[in-house]
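Novice: Just so you know, the sequences run in chain order A, B, C and D.
Using our numbering, you'd call the opening residue of the first sequence number 1 and step up by one each time.
Using our numbering, you'd call the opening residue of the second sequence number 1 and step up by one each time.
Using our numbering, you'd call the opening residue of the third sequence number 1 and step up by one each time.
Using our numbering, you'd call the opening residue of the fourth sequence number 1 and step up by one each time.
Everything labelled a hint here was simulated from the structure, so no lab data went into it.
Incorrect hints may have been included.
If chains are identical, the list can't say which one is meant, so a pair holds when it fits in one copy or spans any two.
What the hints assert, rightly or not - The calculated EDC-like cross-link candidates involving lysine to aspartate or glutamate, where the alpha carbons are at most 20 angstroms apart (straight line), are:
1. LYS457 - ASP97
2. LYS242 - ASP228
3. LYS71 - GLU375
4. LYS258 - ASP127
5. LYS71 - GLU417
6. LYS258 - ASP46
7. LYS258 - GLU375
8. LYS258 - ASP170
9. LYS258 - ASP228
10. LYS443 - GLU209
11. LYS71 - GLU367
12. LYS71 - ASP243
13. LYS258 - ASP336
Protein chains: 4
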Amino acid sequence: MKPMSNKRFVLAAAVSAALASASSQAADQSTLTPVVNAGQQTLQFDWPAIRVGTAEYEDGPTGVTVIHFPKRALGAVDVRGGGPGTVNTDYLRLGYDTPELDAVVFSGGSWYGLESITAVGTALKDDGVRSGDWTNLALSVGAIIYDLGDRRLNEIYPDKRLAQAALRADRPGIFPLGSHGAGRFAKTGGLFGCNAFSGQGAAFRQTGEVKIAAFVVVNALGVVTRRDGRVAACYGDTHWSKDLRATDLLASYPDSRKPGTTVPASNEGKRNTTVSLIVTNQKLNPAELQRLATHVHSSMSRAITPFATEFDGDVLYAVSTGELDPAKSPGLPNIDLDVEGAELMWDAILASVPAQPGFPHVPREVELSGSALQEYTGEYTFSQFARLRITTEHNKLFAQATGPRTVYGIGQSAPTELQALSPTDFTVVGRYPLVLHFEAPGKLVINPGDWQQMATK
Amino acid sequence: MKPMSNKRFVLAAAVSAALASASSQAADQSTLTPVVNAGQQTLQFDWPAIRVGTAEYEDGPTGVTVIHFPKRALGAVDVRGGGPGTVNTDYLRLGYDTPELDAVVFSGGSWYGLESITAVGTALKDDGVRSGDWTNLALSVGAIIYDLGDRRLNEIYPDKRLAQAALRADRPGIFPLGSHGAGRFAKTGGLFGCNAFSGQGAAFRQTGEVKIAAFVVVNALGVVTRRDGRVAACYGDTHWSKDLRATDLLASYPDSRKPGTTVPASNEGKRNTTVSLIVTNQKLNPAELQRLATHVHSSMSRAITPFATEFDGDVLYAVSTGELDPAKSPGLPNIDLDVEGAELMWDAILASVPAQPGFPHVPREVELSGSALQEYTGEYTFSQFARLRITTEHNKLFAQATGPRTVYGIGQSAPTELQALSPTDFTVVGRYPLVLHFEAPGKLVINPGDWQQMATK
Amino acid sequence: MKPMSNKRFVLAAAVSAALASASSQAADQSTLTPVVNAGQQTLQFDWPAIRVGTAEYEDGPTGVTVIHFPKRALGAVDVRGGGPGTVNTDYLRLGYDTPELDAVVFSGGSWYGLESITAVGTALKDDGVRSGDWTNLALSVGAIIYDLGDRRLNEIYPDKRLAQAALRADRPGIFPLGSHGAGRFAKTGGLFGCNAFSGQGAAFRQTGEVKIAAFVVVNALGVVTRRDGRVAACYGDTHWSKDLRATDLLASYPDSRKPGTTVPASNEGKRNTTVSLIVTNQKLNPAELQRLATHVHSSMSRAITPFATEFDGDVLYAVSTGELDPAKSPGLPNIDLDVEGAELMWDAILASVPAQPGFPHVPREVELSGSALQEYTGEYTFSQFARLRITTEHNKLFAQATGPRTVYGIGQSAPTELQALSPTDFTVVGRYPLVLHFEAPGKLVINPGDWQQMATK
Amino acid sequence: MKPMSNKRFVLAAAVSAALASASSQAADQSTLTPVVNAGQQTLQFDWPAIRVGTAEYEDGPTGVTVIHFPKRALGAVDVRGGGPGTVNTDYLRLGYDTPELDAVVFSGGSWYGLESITAVGTALKDDGVRSGDWTNLALSVGAIIYDLGDRRLNEIYPDKRLAQAALRADRPGIFPLGSHGAGRFAKTGGLFGCNAFSGQGAAFRQTGEVKIAAFVVVNALGVVTRRDGRVAACYGDTHWSKDLRATDLLASYPDSRKPGTTVPASNEGKRNTTVSLIVTNQKLNPAELQRLATHVHSSMSRAITPFATEFDGDVLYAVSTGELDPAKSPGLPNIDLDVEGAELMWDAILASVPAQPGFPHVPREVELSGSALQEYTGEYTFSQFARLRITTEHNKLFAQATGPRTVYGIGQSAPTELQALSPTDFTVVGRYPLVLHFEAPGKLVINPGDWQQMATK
């Protein structure tokens, strides 16, 4: 479990405001504060033609990642998932050979996050970078992931304001890894109930003068698979091997996707999408670029198992900045570009996996004060979709969901007993780690840390 | 020429604010006022499953049209133009047979107008109509037209705020015709220099219980062609027949597309796009709906000549509300639905053509006061892209563009003499009607009326 | 009515052989004789990079048209119909910029005619023109039309042998117009019951050094429409205007598609397809070539009304021979190429319309000999699908279909009285011209002339 | 090395005839004898709705595989390779929900093999199974693999006659594995110089009433990869691990694709294609079927490394026989169908790998007779593309290619010394096994066995 004393707690004021609005008819995100370029784990790479900016609303948490090509680039797209959300792909499909692409934008928020993709285009115009001249129109494309449902207890989405913040914070050569940007609340392995925390990844390779970079937001129904076949992250069923392999999960399929004996079960994370981008500085024509897209996207079935299901909306963009003209400088054969791009994407996928929250230690006995417990009782509101009623009986604490949704396995039908970890922290033992932290006054934080959810009475 | 005393003048305050911001680095549209559901020419039709809302920024002018299906519908898309701008078409292409479509949004502003398409989706969520539940996600699709370039002297675009205003103003059974909604500053016939004013059109037909509606924003490089072959609207070259036929223009092509002897010439309107929507209440499966889309889109080559050029970004959506199940009630054979849909679309295209501004009468002599002329002099700013310097000499008025763009044929290289129409109104005689109206204090209005452009000193 | 003494009668021997085989279980086309490059109406054009060969089986009649690019060319495709039959389009869609296309093949025979498309590829290899070397593979693409159903009384299809004959007969600069090649038994206007005879057309234009050619096989459900709006060919209902216009047919739709009072009605020709090819010598990149395809294909809705219905399988190929490099010689702007290509295609469509068989003059009285009539009686077999039993009573002749299909409106339920035109020729008066010509010994020819059908007792 | 005394030797007569024709201008395959349903390794499965027929020309060797659905089925297609060859995919893409598919045909011969796909359609008509009636047209689709180039010393391709033989030999429940049908001369791993022999594979699984079958012809540029990561078949470079893993090859890429020190090198097998088919009896709608296609095709990147490169023309068909209607009988969730289909395809791919010819034992000394050697000398012709001149000097035998192509690494520039294995058999030691077997009179067989090549003086 991560320490609770992190920056995310200072956002409490914004949270309250958001909650207030969320409980009214119309959601209002105008009080939320964009946090830009957060994250200490980063990929650093030397390539000024690529600028990256991320912005997050911690109250989701959710976020957006803008990959900006200040000198424009040529783009292609490969859509393969069963539930994609995209902007302007029809234009890319026309196969023009003029570099017109300004930005590829990845976003959380499912289809609502599409707003952040279009917002990058309008921000480029609002900021005077692009205009209405036919040859100077901003072209921003992108795709979204589904980070809603019951994995979060609210429906905050990356909006115009957040995307503009990300664009305006862009910088060359740094890409935050893990739970950041569009990958802020990504998950993987839902098909098998793994529900691992995920994020965004990146990898970079330079061979001679040829540069290739891979960027990916991994939010897959399948599991991330290492090159040796082991699953990178999974909250497994109790009887599963610690050394879990993707081929094991598939060999025992469909049993492996069915809820095990571990309780509480959860169907969080059943809806997904992995969005990705492969970039090279080698000049490619549209057909070559499309081949790069098709090949690399197909190859991702190795690193994500299974890939491109009906519950994923997988989209890959391929981009050539065209800085290196093979007619002038030695480039790579296309086959090498494709194969190495695919390997790099695997690296990027592996780099997306954040440290998984551990299970809290449940002490044999915790000294609890009845009056303190009494103070914890009441109804806590996460958003209009999720509420928890805390009650106490016989010096024990109980929780019951009272809103339309369950709260991380805590249901609506009857109170669930909470086990004490400390005078302020409680848990429900199950397949997934769960911590309920009571913070005075009248504030409840679930899973304090990167993916925490906050509620107030 | 339309009378000047119309509602559009009351927006002067907003204009000033917008101009102020426009001249700074970042454009700020937050002071603009959405005007919703404007327009007296409308199509009225009885079909509660379709709600229509429009909103316009008069300072562009530009606008957005939202066609909202409150009970959702099944959608398909056919993209055929050389420069489309679309949202979420990849999802439609997967061919699911579940009605999930909430809205089709058409917008001005070229790719910047895509923001208004995504904004309809987020507005549906913000307003609590849709949510983040997988089965309740808002699906808004759409397409944009290019109404920028030198046809307008500013680059105001339909943004999130405007789209939300349009959605929230939606109502069943009324569709404003002509220069409204996304067709607010549409034009046609630029290929031949016609530069006719255009707009949005609609048509509705009910046969038995089967309803079909066609909606279109006509902003084509080609000319609108009537069923008898005559061109619906065109500012023709001087030697052209008044009874201009599309086949004449094509028979003399490419001469017909080259600038004639008439001055000043202009290349406004060379960039275009026609976006359209055909809706039926008959339940269709995805393949049938796609056939409707393909057939009707192809058929539009009759009503728009030429159609689907490289300078158009033509997109058609086909939608079935599914209210009428042919398995239960008598429906139409698909071939009839397709053929009648195509005819209806032709009707809608014809209905989009607004009354064209006439040429002002140039009187033999106008009594002008030197001091009044002196008062008119100065530099008028339309936006950061367009400025006019008015000077006077020998009791005559001259205009010269001083910004980066020409102003309706008035160039930057030398002053152009203005001919007086009245003490306050002036013109430059040429292929296109042009009126410069001086309005105290220090305010200049070009082409007062539906497509007016305003500037202040 | 065309004179009967034409070359087609000499093929009687082959007919008999074919009929013999047709009545057995397995059809055997090995006795049929390919007739190559038939047709006196031709388009002649100066362009050695395009070679054209046609071959026909008169016993169908049906045929194939091979457009061969001996120095290869770049190809693109636009598929728009509801029932296409194609070969190798997936390869074209990859958008490579290398000229690899050897031939575009159009064929009758519906999907069975696809064999003739692949046969051109193998013939190029068999003849040593192409080989198995990766860079020397023959690339033949194409599309088929539906010329089966009840328009012909047999199911002979263009096969490998016929296609090879066409390829081996190819020659530069000559394209047979009308009822030849793949258009050998094409029809148009079936939607409205017009059932006009159709064919293949072509047009050529040179502007400066830029050459454009359009080739088309018109077999549309809709009617061919002239530039003045008149229908080019239609056997109309009795009360229809002689000066029939496409807009009239559509204004009275769907009544215009329903069988009129004229008898016998017929549903022949309800299944269709128009396949076409636009070629330029101007070098285009794949995106430009695709735009040409899309634009020209859309434009065909003007010349064929309606176009691209569910009962058509319309496919257009666009090809650039690349002989004229605009970087070196003055070429045309793409927009001109597209617009002029569309006009040229309209010309080609009009050029496809053959002279329509007229109605035979029915004399007041014809001297008939009872013994001659007796001699005509018996059962005539066209193929396993169509047979006519001729009987006589009271010095009158009667016909009744005895096979699985009706014979041009002559049904199976009861004998139809034939009206005498001459001692050897008879008719049934109705919406369509019909002549039954008895030719000794025991031979019956229906509609002697270009579209004749032969039977033997 | 396989024993030489197998059935393939009896075909010598046909070979001679074919060789005779091959050396003339036009290739004539009419003397070749189809061998149907060859192969002892088979998959047997209980599913009468699927009939399989294969036919091979041993003189290629090359072949065709017909998967016939006698009661028709619903089909979808996913094209992902860089050089596909397909028939009628455009029709499948229209997404109709009527089962119309008669057969999926896989063929060798690159684009020339397309003839065999269309021939299955015409054979169904010729045989009276299908006709020209609109609702009874034969729909055969398919795809080809590239088995030409220098892997074979001739360019015999599967033609109409071979395909008809395969169709007419079809039978339910048996699928030959390995070097048969369209996989007759397939290879894998050319990217890394593996040049392993490959073939066709199949797998079948029944879960409750749900049946799934996977069929595949593996002719990939990449290597076949087992579930434990090991490469299934590869003639590796001398210093490579015997326990070769795909990840090793990629980790050392691009070195691993460069010719090693082993001589003679060869670029045979650089052109490829994997074609596949996944079938289920569960009724699926077109969108569901397309998802199955997309998912399974993507998943094949695990079993073939790399997959879908520019040098592959990968095509997958997905078919539903619709026998099991989930509305009536319990079916599988789509996600299970997709995931299990992907696993099954991996099984099928593994089942395609035939036993690899071993390296011949080179004895220390072989007693050779000078006069025998003398008898071997002369020029041997495999086809017009490949000839070997055998000479003798100092009681040693030498070979030199005299045709346009090298012969399995034996070049044209100088004689290559042959090492004796026995008085009749010789080899050149290198990365790949090679045996030259002299068979009286004047007959040379290279690599006697499944992939033998025959020549006569």
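Novice: Does each hint fit the structure? Answer for all of them.
Specialist: Evaluation of the provided hints:
1. LYS457 - ASP97: Neither way: LYS457 and ASP97 sit 57 angstroms apart in one copy and 43 angstroms across, limit 20 angstroms.
2. LYS242 - ASP228: both (15 angstroms within a copy, 18 angstroms between copies)
3. LYS71 - GLU375: Classified as neither: same-chain Cα gap 58 angstroms, cross-chain 46 angstroms, threshold 20 angstroms.
4. LYS258 - ASP127: Classified as neither: same-chain Cα gap 51 angstroms, cross-chain 36 angstroms, threshold 20 angstroms.
5. LYS71 - GLU417: neither (58 angstroms within a copy, 42 angstroms between copies)
6. LYS258 - ASP46: neither (45 angstroms within a copy, 29 angstroms between copies)
7. LYS258 - GLU375: Answer is neither: 39 angstroms inside a copy and 72 angstroms across each miss the 20 angstroms cutoff.
8. LYS258 - ASP170: Neither way: LYS258 and ASP170 sit 43 angstroms apart in one copy and 40 angstroms across, limit 20 angstroms.
9. LYS258 - ASP228: neither (25 angstroms within a copy, 25 angstroms between copies)
10. LYS443 - GLU209: Neither, since 55 angstroms and 54 angstroms both go past 20 angstroms.
11. LYS71 - GLU367: neither (63 angstroms within a copy, 55 angstroms between copies)
12. LYS71 - ASP243: For LYS71 and ASP243, the Cα distance exceeds 20 angstroms both inside one copy (46 angstroms) and across copies (47 angstroms).
13. LYS258 - ASP336: between (41 angstroms within a copy, 11 angstroms between copies)
Violated hints, listed in ascending order, are 1, 3, 4, 5, 6, 7, 8, 9, 10, 11, 12; each of the other numbered hints is respected by the structure.
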